[in-house]
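2 protein chains.
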Amino acid sequence: MSERFSATYDIETPVGLDHAAAVLVGEQSTGTFVRLAAETDALRDRAAARVEEIIPTGQSGRPSLPCRLKGKTFDRGVVTISWPVTNIGPSLPNLLATIAGNLFELAEFSAMRLVGLDIPESFAAAHPGPAFGAEGTRELLGVSRDAMIGTIIKPSIGLTIDETAGLVDELAAAGIDFIKDDELQSNGPDNPLPERANAVMAVLNRHADMSGRKVMYAFNITDGIDAMARHADMLEKLGATCAMVSLNWIGVSGLQFLRERTSLPIHGHRNGWGLFSRSPDIGIALPVLQKIWRLAGTDHIHVNGISNKFTETDEVVIEAAKSVQAPIAGTRRPALPVISSGQTAWQVGPTINALGNQDFLFCAGGGIMSHPKGPTAGIAALRQAAQAARARRPVSDFSRDHAELAAAIAHFKAP
Amino acid sequence: MSERFSATYDIETPVGLDHAAAVLVGEQSTGTFVRLAAETDALRDRAAARVEEIIPTGQSGRPSLPCRLKGKTFDRGVVTISWPVTNIGPSLPNLLATIAGNLFELAEFSAMRLVGLDIPESFAAAHPGPAFGAEGTRELLGVSRDAMIGTIIKPSIGLTIDETAGLVDELAAAGIDFIKDDELQSNGPDNPLPERANAVMAVLNRHADMSGRKVMYAFNITDGIDAMARHADMLEKLGATCAMVSLNWIGVSGLQFLRERTSLPIHGHRNGWGLFSRSPDIGIALPVLQKIWRLAGTDHIHVNGISNKFTETDEVVIEAAKSVQAPIAGTRRPALPVISSGQTAWQVGPTINALGNQDFLFCAGGGIMSHPKGPTAGIAALRQAAQAARARRPVSDFSRDHAELAAAIAHFKAP
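Just so you know, the protein sequences line up as chains D and C, in that order.
Its first residue numbered 62, the first sequence is counted upward by one per residue in the working numbering.
Its first residue numbered 62, the second sequence is counted upward by one per residue in the working numbering.
Bound-form chain D, shown alone (with noise of 0.2 Å):
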């Protein structure tokens, strides 16, 4: 009997749930629009996918999306389909072509989002998963106990590689813990990535020298598979410690490629994400994505942040922050959520106390520069901030005896 993985979907239909159920697994394993001879009792029981649950949510008057079936009601419902892992073995991109392939555009759902996903042990064993994680990066920037501090360059694109080294100068000597390209900074000919590295690195190795303590710069080297193998080299040759990639351009297989080839922690940008995350009707929960992102190896990702600049609810993510933390299978290190979007020193303490710890990176770009007193004030203010969420105590009142936090949150408009 061999083992199943099984995915969940919040669907609606013209044509009843257990029916439209039936369509979803006729369509992802075995079933023909004309049932053909072929299709044998054994095959189906080797092949088949299968309905385990259908929980039924609500109903409608009107399709929530385009459907070509009619009907008078829609019927929303909550379905897990399970299939033998023996169907694919244990391949992400083709687990992808199962649970995520042929299917959002049948003419039997005017909705559907794939919101949950669990594979066996053995599915996640054959994995590797993050190399670093939270834990490994944490040792890596040498902050013990509190939120990880970090920042992106900006102006996203279009600053010199003297401009980039230099901010990058200014952000170490104020304390950051981590700096990232923005993902449309890649490795253009008015920002060739090999100097600035060159640039980044060298500056990075002083401040290293000096402090003993090397800042993490996630350069993008976001490409080809060749081009990333020839840059996670030269990276790692410079003596940097992270390399950033676009996780959906690069696809899932340019994911596993990198991690079998670098030994730099690998940090996962998710921009595109609102094609998957922004209806109700379509797309792909993080908490999924994740999973496949995480077991292929990256060690950081992005999961927006509380009272973002975007559209994404404080629920939403801070589920697909805990979604990076919590375990997969019961194997493979949790990963390193990285918190970013608007934030500033009030947003640090609900984050913590959302998730219950501080495992987390928390990027902010404005939030640092524009602190009143400069960069080093800013990041001490976000410091204090994670301070006070550990002492169970109001920034308003730990503020009063820190004045870079303070005036943070008399510069910062409250969220």
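Some clues are possibly wrong.
Claimed, not checked - The list that follows gives simulated cross-link-like pairs (lysine to any residue, SDA-like), each with its CA atoms no further than 25 Å apart:
#1 K370/D <-> S368/C
#2 K275/D <-> V204/D
#3 K370/C <-> D79/D
#4 K370/C <-> G87/D
#5 K131/D <-> S368/C
#6 K370/C <-> E64/D
#7 K370/C <-> R111/D
#8 K131/C <-> S125/D
#9 K370/D <-> A83/C
#10 K131/C <-> K275/D
#11 K434/C <-> K370/D
#12 K370/D <-> K370/C
Derived by calculation from the structure, the hints in this document are not laboratory data.
Once you've looked at the hints, dock chain C against the given chain D.
For chain C alone, coordinates are given in the frame of chain D:
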């Protein structure tokens, strides 16, 4: 003055089209939510994106997607944004991070679809494009003029290797041009790719020895980079003539790698496509993504079919197929559109008429296997339908002296 690439979006916004376009431009180039001193005029000249055109198209009293920003009216429009190529160089994954990155979730938008992409000739010329495309595939298949006829091994998953080889034998004897694995069939322990390829190619090489014409079989090699390379090499050694991949999961980087690595035509499967296409309010249109896939080197691209079992309208399907056949920036070969999904002899003529040519691969499953006189007649009926279209005669008329076509249109329901 740097050359520029541009992207066109169908957007909806509560903040007015002009302001929304400015937000998009800022977010995807030099802007930040707190204006930084470093955003100098020189930097903006170098790297800023630019609004090229705004065309208002409508207005609504409520947002199409949940939107954090409130408004009394939501303006709909089509906006075109351009970027300097020097921001990224001719990198496809980084092009996607720029035109399809952190923008779909911006709070200023209640709908956003990426519907157009223009790149300069120099950008296109930096990529190989399809090695075979429509013309090269035609040559390999030995089909000189009419539409190429293909099918998909069904049931999708669960057949043994012997059963698969038996079906391939039957289809080859019946005169098929092309056969493909279903995207659910990859390299699972119940049907390992190497053994399947061995068995299938033994059959097809035998038929080729007799007929002088080798049926093309697209083996699904979707997997990690190393496995894809190993399997592509294996296929070449076996005399196979096509490798299939799940484009969305191996990523653009994975596709580029494969194009460099193998001399086989690449059959691009777009499973997961509904995530990008299903909602009128979020996603990416196929004419955009197919450009990326073609530049990276895929030879065949799935575009669904007329009167399909999914939700796409015929108009969308035909627009997609035409885009795959259109030139890109005056350079690189067209790819071959793959028509499939509930296709029978009824849809051949309308497809030819809509495209104005027969340079496509027409894939039918039940439409061949369920022909009342068997698969040989099923394939003959499809070829006769193509001949009828070329002769500009309706199938009802042409079928009078073409028995297989007559049986097909009597048996299969007109869509």
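For each hint, the structure was consulted:
1. K370/D <-> S368/C: violated (42 Å)
2. K275/D <-> V204/D: Between K275/D and V204/D the Cα gap is close to 11 Å, so the pair holds against 25 Å.
3. K370/C <-> D79/D: Holds: K370/C and D79/D sit about 19 Å apart, inside 25 Å.
4. K370/C <-> G87/D: holds (13 Å)
5. K131/D <-> S368/C: holds (16 Å)
6. K370/C <-> E64/D: violated (31 Å)
7. K370/C <-> R111/D: holds (22 Å)
8. K131/C <-> S125/D: holds (21 Å)
9. K370/D <-> A83/C: Between K370/D and A83/C the Cα gap is close to 15 Å, so the pair holds against 25 Å.
10. K131/C <-> K275/D: This hinted pair is violated, its Cα atoms lying about 44 Å apart.
11. K434/C <-> K370/D: With Cα atoms ~62 Å apart, K434/C and K370/D exceed 25 Å; violated.
12. K370/D <-> K370/C: violated (39 Å)
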